[in-house]
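From these two lone chains plus the hints, build me the complex, please.
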Amino acid sequence: MLDQNGMARSFLNSLIITIPSTLLTILVAAFAAYAFAWMKFPLRNFLFLVMVGLLVVPLQMTLIPVLKLYVSLNEWFGFLGHDVPLLGGRWFGTNSYAGIWVAHTAYGLPFAVYLLRNFFGGLPRDLFESAYLDGASDFKVFRRIVLPLSMPAIAALAIFQFLWVWNDLLVALIFLGDPDRAPMTLTITNLVSSFGTSYQLLTAAAFISMALPLVVFFALQRYFVQGILAGSVKG
Amino acid sequence: MASVTFDKVTKRFDSGLPAVNDFNLVVPDKEFLVLVGPSGSGKSTALRLLAGLEEITEGRIFIGDRLVNNIPPKDRDIAMVFQSYALYPHMTVYDNMAFGLTLRKLPKEEIRRRVDEAARILGIEGFLKRKPRALSGGQRQRVALGRAIVRDPAVFLFDEPLSNLDAKLRVQTRAEISKLHLRLGTTFIYVTHDQVEAMTMATRIVVMNQGTIQQVGTPQELYDRPRNLFVAGFIGSPAMNFFDGTVVQEEGALAIDTGSFKLPVAKEKEKQLSAYLGGKVTLGIRPENIHSADFTPMGIRSEIVEGEVEVTESLGNEEILYLSRDGKQFLARVDPRTDARPGQTIRVAMDFERLHTFDPERGESIGLPATEEKVEREAEAASP
Numbered sequence: 025m026l027d028q029n030g031m032a033r034s035f036l037n038s039l040i041i042t043i044p045s046t047l048l049t050i051l052v053a054a055f056a057a058y059a060f061a062w063m064k065f066p067l068r069n070f071l072f073l074v075m076v077g078l079l080v081v082p083l084q085m086t087l088i089p090v091l092k093l094y095v096s097l098n099e100w101f102g103f104l105g106h107d108v109p110l111l112g113g114r115w116f117g118t119n120s121y122a123g124i125w126v127a128h129t130a131y132g133l134p135f136a137v138y139l140l141r142n143f144f145g146g147l148p149r150d151l152f153e154s155a156y157l158d159g160a161s162d163f164k165v166f167r168r169i170v171l172p173l174s175m176p177a178i179a180a181l182a183i184f185q186f187l188w189v190w191n192d193l194l195v196a197l198i199f200l201g202d203p204d205r206a207p208m209t210l211t212i213t214n215l216v217s218s219f220g221t222s223y224q225l226l227t228a229a230a231f232i233s234m235a236l237p238l239v240v241f242f243a244l245q246r247y248f249v250q251g252i253l254a255g256s257v258k259g
Numbered sequence: 119m120a121s122v123t124f125d126k127v128t129k130r131f132d133s134g135l136p137a138v139n140d141f142n143l144v145v146p147d148k149e150f151l152v153l154v155g156p157s158g159s160g161k162s163t164a165l166r167l168l169a170g171l172e173e174i175t176e177g178r179i180f181i182g183d184r185l186v187n188n189i190p191p192k193d194r195d196i197a198m199v200f201q202s203y204a205l206y207p208h209m210t211v212y213d214n215m216a217f218g219l220t221l222r223k224l225p226k227e228e229i230r231r232r233v234d235e236a237a238r239i240l241g242i243e244g245f246l247k248r249k250p251r252a253l254s255g256g257q258r259q260r261v262a263l264g265r266a267i268v269r270d271p272a273v274f275l276f277d278e279p280l281s282n283l284d285a286k287l288r289v290q291t292r293a294e295i296s297k298l299h300l301r302l303g304t305t306f307i308y309v310t311h312d313q314v315e316a317m318t319m320a321t322r323i324v325v326m327n328q329g330t331i332q333q334v335g336t337p338q339e340l341y342d343r344p345r346n347l348f349v350a351g352f353i354g355s356p357a358m359n360f361f362d363g364t365v366v367q368e369e370g371a372l373a374i375d376t377g378s379f380k381l382p383v384a385k386e387k388e389k390q391l392s393a394y395l396g397g398k399v400t401l402g403i404r405p406e407n408i409h410s411a412d413f414t415p416m417g418i419r420s421e422i423v424e425g426e427v428e429v430t431e432s433l434g435n436e437e438i439l440y441l442s443r444d445g446k447q448f449l450a451r452v453d454p455r456t457d458a459r460p461g462q463t464i465r466v467a468m469d470f471e472r473l474h475t476f477d478p479e480r481g482e483s484i485g486l487p488a489t490e491e492k493v494e495r496e497a498e499a500a501s502p
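Chains A and B, in that order, give the protein sequences. Residue 259, in the numbering used here, is where the first sequence stops; the numbers in between run on with no holes. Residue 502, in the numbering used here, is where the second sequence stops; the numbers in between run on with no holes.
The following block holds chain B by itself, in its conformation from the complex (with noise of 0.2 Å):
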């Protein structure tokens, strides 16, 4: 059981371009941390960094209190799930899981203990004499937490162990990986692609792009407010749609043309955008904020605009509508009883008091300073 904690590290390889980049982070103990990003955002590395598996090229990591830059992996107290899974396949599940034990010349009746009782929470006590070729991609992926469990390290990492099971096996081992979160107590530090695992299973989530952290934040904060265009358009699925737009003064009130449609803007974020009036923003709004004009829910303020459809996908539970105005596509996510089809033009409300603005130029998010200062202060409770 320990905290983790990253201090400006920085990972290059030999091609000279960082795939970690000035890496500030603190994970109490016990936390459940997700690390998520697009394909080579640096969140491996920065796991593989942590697990000794590479070198960091500049900046220092602690486990507790302890300094691992130099400490060789199989030192550092942890454990790690493969993608893979990597199971010695010429060996029984029990060996798999014994192995480590195994090297650390633990007691034999010690081992065993620990092997049954892992492999009691992960409910594969039937396969313990079977080897990995014989079990499915689901049990082979218990076998795999189980050898991390027995090894009872400080700290778990998980590089995308759901990516090999199909999707219902998946939402089910989430929920398990979630529960063993709570029952062994331990920091769990979970790297992943899926934004819908970040979002299910993390007490904090850190979305990465480029080697750089986009932001840290509970699934939440990160929904709710996101920093800059790319949280906003990485978390959340579908994804936020975007539009330009400019500040405009009507009526005494402020509100934002995108030169089809016009939008109020909220009371509350009248202060900030007023410093951008007459000038341009990216204005984000996300599909489960466009509603179907005859299916508006209740006590939301909204905005009519016409759209035509292009496509329709039927969930059952809801429509995902494909819709365009002024050839600029946006996804509504509308009540399953909306009657769309394709080539019709339709009426939606847009929730304009749960519009996301952004400066165009940089990038960010227009009025959130609060989550600019949370990074800063974290930087500096990561040297202690």
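Only chain A is shown next, with the shape it has when bound in the complex (with noise of 0.2 Å):
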């Protein structure tokens, strides 16, 4: 089963695109949300709101503007466009890994920022100033402060924006064309139309697609339960 259709293929490719994808929204907004939670610049809180207010913009219309785009660095970064033999991937360029890693991230930096802006924003302000007077600097409070005490809200980031991004079929089809290159999702409606009917293959191959983020779910949940800033102030 596993080798038929190129199923193996799909999820390792359902890896490679979710996995980055998932990091790099992660640490941008991270980086985004420490600016917008505790660096003073100008025009902060109506940035902050632009970023909110695409939250709405449905991911449907964005698409042919993106693509366009898309094209048009592929043309200018042209360059980077080789096939590198590392798993038989293409990792640069148009249908490549990077391209539909930087189209997740893209699409899934408003809602992160928004909920680690959030949470950053409920660290206690003594905590920061505390470090800024024992001589940290703001990538030093960034690091040793705010993204240990940040796991829960990490971790909760984490699996929304795994499940969203190894769900995804819309993107995947617009951003990946290449069946080599294809993640779970897209090679499992190609059975749905290459074979009529066969539904004891597409459920067989749901099954397997969900087996992950289960995985991923029971290996984080335990930072939502545990209450990581207990003992720091008051008490």
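Think of the hints as simulated: they come from the structure by calculation, not from any bench. A hint or two may mislead.
Under the rule of at most 27 Å between Cα atoms (straight-line distance), these lysine-lysine pairs were calculated in the DSSO-like manner [what the hints assert, rightly or not]:
1. B/Lys223 <-> A/Lys164
2. B/Lys297 <-> A/Lys164
3. B/Lys226 <-> B/Lys247
4. A/Lys164 <-> B/Lys226
5. A/Lys164 <-> B/Lys192
Set out below in structure tokens:
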């Protein structure tokens, strides 16, 4: 079953797409959220509002403009568009892994920044001031204080983003047309069309695609339960 | 080790109202200075300006001879203890204390030596491997102190560090902070709203209200010679009683007539009060200067006044009486043997030699020119 219709390859593709898309989103969003929450710069609140406003824009509406931009960027950075013989994949340029990472990251950012900013903003101000007095720079505060304390929010975000990317069909269909790099969702969809209504294959494939999200959820769920902030202030 | 100088410091927030207004103060090296005032008086803001956590709108701040207006907090050589302790919850006690030193790239052995030393002083050697959540409030407070001590700063800042402790622990920690001050011999600047903390720990107190300094002085000075109505009402617990009165002449001597009773004026005050003859003054008398007529201490000169007892609070070693006379309520702190029950009329002796008199218009003490000059002298000294 796994070898049929490139299902094993698709599973691997899904991983190659999902893991960097999730990590990249968290990384970029965490930096942005820290700045929005704790650094002073002009138009901070306005920019944040714009960011939150992006949440209401339907993804489908953006597909054509983003794709056009994507293609033109590829023309400029065409020299990157070589096939790298690693895992037989195309990593940069159109129809590449990097392309879809960027697309997923961009689509995920508004929610990610919103979620993390609110969490960072809720951290006690005294902690930051204490760290500044201790001699920490913004980056040190971010890395040594904010990140460790924000594991619950980051874990929540990781689960959301992971599930969203893993289950995504549309973005993969648009940005990653090549069946060699298609994720499971795409391959499963193709099962339906090529075999008519062979439900035994469809359900089996769907089960495989479900397994990993379950693992991820159970791996990260302990962060939800733990009150990591306990003991920092007052008592 | 350094002195601290505030020179005409003003801080305005976006709303435009000054949180700290024309703040002039010189804190000599090794002083334990307490800033005290009600909430919103600007005391915490003054401290945060010194720490560099807020930007100064106008004026200059010096630590030692160094102008620190544009120096970031981490380079000011100060350490601060927060009301909330602000411990890093994900680090052990050791790491909490070592954090600042690690960032300053001190050698590992030196860090260990300093942390161990501070832990020993504070008696928290046993907890170094624990996380803050596994500590009690008092222990967390010590860790916060320890984090400041290891830095060996020129100035220690405390922002209401005892507010989150229970009453017993607060008294105990108060004494420990005083001890620490003696031991470290560093400048301490301490903010509190609790005048008892201020009185017990300070070498000098700054009373603040609405962003301005009301009076600077030793605890005893503030208690004995409050410069205005605010300081008089703020320092001392229970607070001073105030009566409106008129200065009258009686048998060749001055007296103050409140309408319901008259108190003679002590000789040394007559000169200043004579200017108010026939005019209105505000009379202040502390509850501890109103004694039960049956248990009046020896050697005081007092006037007997009657009052109706409304409430009594017995504290064992003393009794607080809520008295009223012609609808005006006042408190007396009397001998616990006083037999007073609510509803009764009781005779109390007011120690008129310990009266305070204030100009009702300006709210300032009558006949205390010395403090005024002192503040001005300080303002001058503030500009090096």
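Consistency of the hints with the structure:
Between B/Lys223 and A/Lys164, the direct Cα distance comes to roughly 13 Å. Compliance with the 27 Å bound is thereby established for this hinted pair. Distance check on the hinted pair: B/Lys297 and A/Lys164 sit about 34 Å apart at the alpha-carbon level, beyond 27 Å; violated. Under the criterion of a C-alpha separation no larger than 27 Å, the hint pairing B/Lys226 with B/Lys247 is consistent with the structure, at around 17 Å. Simply put, A/Lys164 and B/Lys226 have alpha-carbon atoms about 19 Å apart, close enough for the 27 Å limit, and the pair holds.
In summary, the hint linking A/Lys164 to B/Lys192 is supported, as the alpha carbons are separated by about 13 Å, within the 27 Å threshold.
Going through the hint list in order, the structure does not satisfy hint 2, though it satisfies all others.
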